[in-house]
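**Q** Chains as they are written, first to last, in this note's numbering: chain D, 1 to 256; chain P, 1 to 302.
I should point out that these hints are in silico values taken from the structure, not numbers from a laboratory.
Do not take every clue at face value.
[Stated by the list, open to error] Computed Cβ-Cβ distance ranges for the label pairs, DEER-style:
{"no.": "1", "chain 1": "D", "residue 1": "58", "chain 2": "P", "residue 2": "204", "range": "23 to 31 angstroms"}
{"no.": "2", "chain 1": "P", "residue 1": "80", "chain 2": "D", "residue 2": "134", "range": "41 to 49 angstroms"}
{"no.": "3", "chain 1": "P", "residue 1": "178", "chain 2": "D", "residue 2": "216", "range": "37 to 45 angstroms"}
[What the hints assert, rightly or not] Within a straight-line C-alpha distance of at most 20 angstroms, the following computed SDA-like cross-link-like pairs (lysine to any residue) qualify:
{"no.": "4", "chain 1": "P", "residue 1": "97", "chain 2": "D", "residue 2": "58"}
{"no.": "5", "chain 1": "D", "residue 1": "148", "chain 2": "P", "residue 2": "293"}
{"no.": "6", "chain 1": "P", "residue 1": "185", "chain 2": "D", "residue 2": "107"}
[Stated by the list, open to error] From chain D, some residues computed to sit far from chain P (all C-beta separations above 12 angstroms):
{"no.": "7", "residue": "131"}
{"no.": "8", "residue": "216"}
{"no.": "9", "residue": "236"}
Backbone N, C-alpha and C fix where the C-beta goes; we use that ideal spot for every residue, glycine too.
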Amino acid sequence: MDIIIDVKNLNAWYGEKQVLYNVSLQIPRYNITAIIGPSGCGKTTFLRCLNRLHELTPGNRVEGEIYFYGKNFKGNIYDSKVDPVEIRRHMGMVFQKPNPFPMLSVYDNVAIGLKINGIRDKKKIDEIVMDSLKKAYLLDEVKDALHKSGASLSGGQQQRLCIARAIAYNPEVILLDEPTSALDPVATSKIEQLLVELKREYTIVIVTHNMQQAARIADYTAFMYLGKLIEFAPTEELFETPKNELTERYITGKFG
Amino acid sequence: MRGDKIFLYILLFISALFVVIVFLLGFELYRGSSSIFDIFGFNFILSSTWDPVRGVFGIAPVILGSFLTCFIALILAIPVALLTSYFISELVPSRLKIYITSLVELLAAVPSVVYGLWGILVLVPFLRDNIYVPLQSAFYFLPGFGGAITGYGILTAGILLAIMILPTITSITKEAIELLPASIKEAAIALGAMRYQSARIIFTHIKLTIIAAIMLGFARAFGEAMAVAMVIGGSHLFPNSIFATGYTLPSLIVNEFTEATSPLHYSALIAAGFVLFVIALANIVVARLIIYRTTRFMRLAI
Numbered sequence: 001m002d003i004i005i006d007v008k009n010l011n012a013w014y015g016e017k018q019v020l021y022n023v024s025l026q027i028p029r030y031n032i033t034a035i036i037g038p039s040g041c042g043k044t045t046f047l048r049c050l051n052r053l054h055e056l057t058p059g060n061r062v063e064g065e066i067y068f069y070g071k072n073f074k075g076n077i078y079d080s081k082v083d084p085v086e087i088r089r090h091m092g093m094v095f096q097k098p099n100p101f102p103m104l105s106v107y108d109n110v111a112i113g114l115k116i117n118g119i120r121d122k123k124k125i126d127e128i129v130m131d132s133l134k135k136a137y138l139l140d141e142v143k144d145a146l147h148k149s150g151a152s153l154s155g156g157q158q159q160r161l162c163i164a165r166a167i168a169y170n171p172e173v174i175l176l177d178e179p180t181s182a183l184d185p186v187a188t189s190k191i192e193q194l195l196v197e198l199k200r201e202y203t204i205v206i207v208t209h210n211m212q213q214a215a216r217i218a219d220y221t222a223f224m225y226l227g228k229l230i231e232f233a234p235t236e237e238l239f240e241t242p243k244n245e246l247t248e249r250y251i252t253g254k255f256g
Numbered sequence: 001m002r003g004d005k006i007f008l009y010i011l012l013f014i015s016a017l018f019v020v021i022v023f024l025l026g027f028e029l030y031r032g033s034s035s036i037f038d039i040f041g042f043n044f045i046l047s048s049t050w051d052p053v054r055g056v057f058g059i060a061p062v063i064l065g066s067f068l069t070c071f072i073a074l075i076l077a078i079p080v081a082l083l084t085s086y087f088i089s090e091l092v093p094s095r096l097k098i099y100i101t102s103l104v105e106l107l108a109a110v111p112s113v114v115y116g117l118w119g120i121l122v123l124v125p126f127l128r129d130n131i132y133v134p135l136q137s138a139f140y141f142l143p144g145f146g147g148a149i150t151g152y153g154i155l156t157a158g159i160l161l162a163i164m165i166l167p168t169i170t171s172i173t174k175e176a177i178e179l180l181p182a183s184i185k186e187a188a189i190a191l192g193a194m195r196y197q198s199a200r201i202i203f204t205h206i207k208l209t210i211i212a213a214i215m216l217g218f219a220r221a222f223g224e225a226m227a228v229a230m231v232i233g234g235s236h237l238f239p240n241s242i243f244a245t246g247y248t249l250p251s252l253i254v255n256e257f258t259e260a261t262s263p264l265h266y267s268a269l270i271a272a273g274f275v276l277f278v279i280a281l282a283n284i285v286v287a288r289l290i291i292y293r294t295t296r297f298m299r300l301a302i
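Please work from the sequences and hints to get the whole structure.
**A** What follows is the structure, encoded as structure tokens:
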């Protein structure tokens, strides 16, 4: 198995409260890895540790190691010499609630990530923006609205715009935090199709509280409970022959 | 019900009172200055002769002085205010935030006559000896760098006003940064934005509030009388150098009102007040329009 992210003994605190306990997990390249579990199990915190977003809130703390084996970066992202900004540039993130920049146009929402990452050439930006919108299956719907506010789109379109923004600057990993929980079933299914397409070029880690979603699209699934990783296996295996009793009870709907 | 009706009437009465007061104020100012406008018409605004002895009044240099001092104040205050507000809202640990915020608000609470005194005792000599004199000896050959240096003048008044409007712009901008949804700030950080890049994105999202804050700062600077009167030097001539003395509309009124020699002189000062009133009103209307547009945009964002 080709591993891109190797999490070793990750512990995380939210102020005084510990929310992750010794999580160790290996995320395979060019696959979709889903993280499921009941609310408050630490799955979102885990995701936010992967691009060093968790530590931004004052009082939050992270211990442990996360090795990232990217094209231009190899090593522990929590090494004291590592600049978190650089790590974030290797990863794109999509949040639970669609959050396009409301004061920027649809076009600029995608272009801003490129500008932040040092691409200045207008022609190149133009090319990448169109390409990213196309990859996010959004171009046909917004090609006449490129200069309208990013907030003027529908919820599902906004979320695909956020995906376009996250893939535009060519990160290797895309982190998604319950990206469809605020969307209707049609918009959800569009995004699921899109993610399956995208895994050819990107490694995808998706947090979801929707088990069916994990079963539909993920190659690997991790089940977390009360801040601990309970089980991690290929999706089919986890859903059909769970090894842990807790996992079995969760996926059969006995708690959650 | 009856109680609610009475409540409504009270509210209506109080709100109407404000409209009436503003209207009466404008009317009184106009009435008091009508003799000036009857005699001079628009020449009162366009002419530069102010001669109480001959009874000729024109305030063009004073209006220019008002806009110049405000312009200098804004140029100096805006960048400092924006950086300070970003620093306070994003970088200062929350324990210290309240102290630094109170310090900024304290600056706003200092009475303007105290600013004026500080201007006379500290700012004027400091600027004269350490800035203006070296500046003149370096650039004496350029136009606009000649003339006598007293330390008093339009530039000094502008610098003092910059300090006075700093807290206004800072606290409104700080508020706007803190009200911006965290999701927007996180979106920028997750894209790999460095601090200055996410600051730029944040400012883009609150730019309308920033404009409104600037308008309010402008209003404060434009209406400031005492502090400006104490440091501007007092002159009815068009400024001929950056060190020149001058007048603003409020400082003119403050300085000459008690020694107005004739009814016409008196009227001329009220007329200056009327011009000030109209410009201030226009400024508030524009600021309101901008704030209205801002809130509309923010509703879109949330």
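**Q** Taking the hints in turn, state whether each one holds.
**A** Going down the list of hints, with the structure as the test:
no., hint, in the structure
1, 58/D <-> 204/P: 23 to 31 angstroms, "25 angstroms, holds"
2, 80/P <-> 134/D: 41 to 49 angstroms, "45 angstroms, holds"
3, 178/P <-> 216/D: 37 to 45 angstroms, "40 angstroms, holds"
4, 97/P <-> 58/D, "13 angstroms, holds"
5, 148/D <-> 293/P, "16 angstroms, holds"
6, 185/P <-> 107/D, "19 angstroms, holds"
7, 131, "17 angstroms, holds"
8, 216, "26 angstroms, holds"
9, 236, "31 angstroms, holds"
Consistency note: the structure conflicts with none of the earlier hints.
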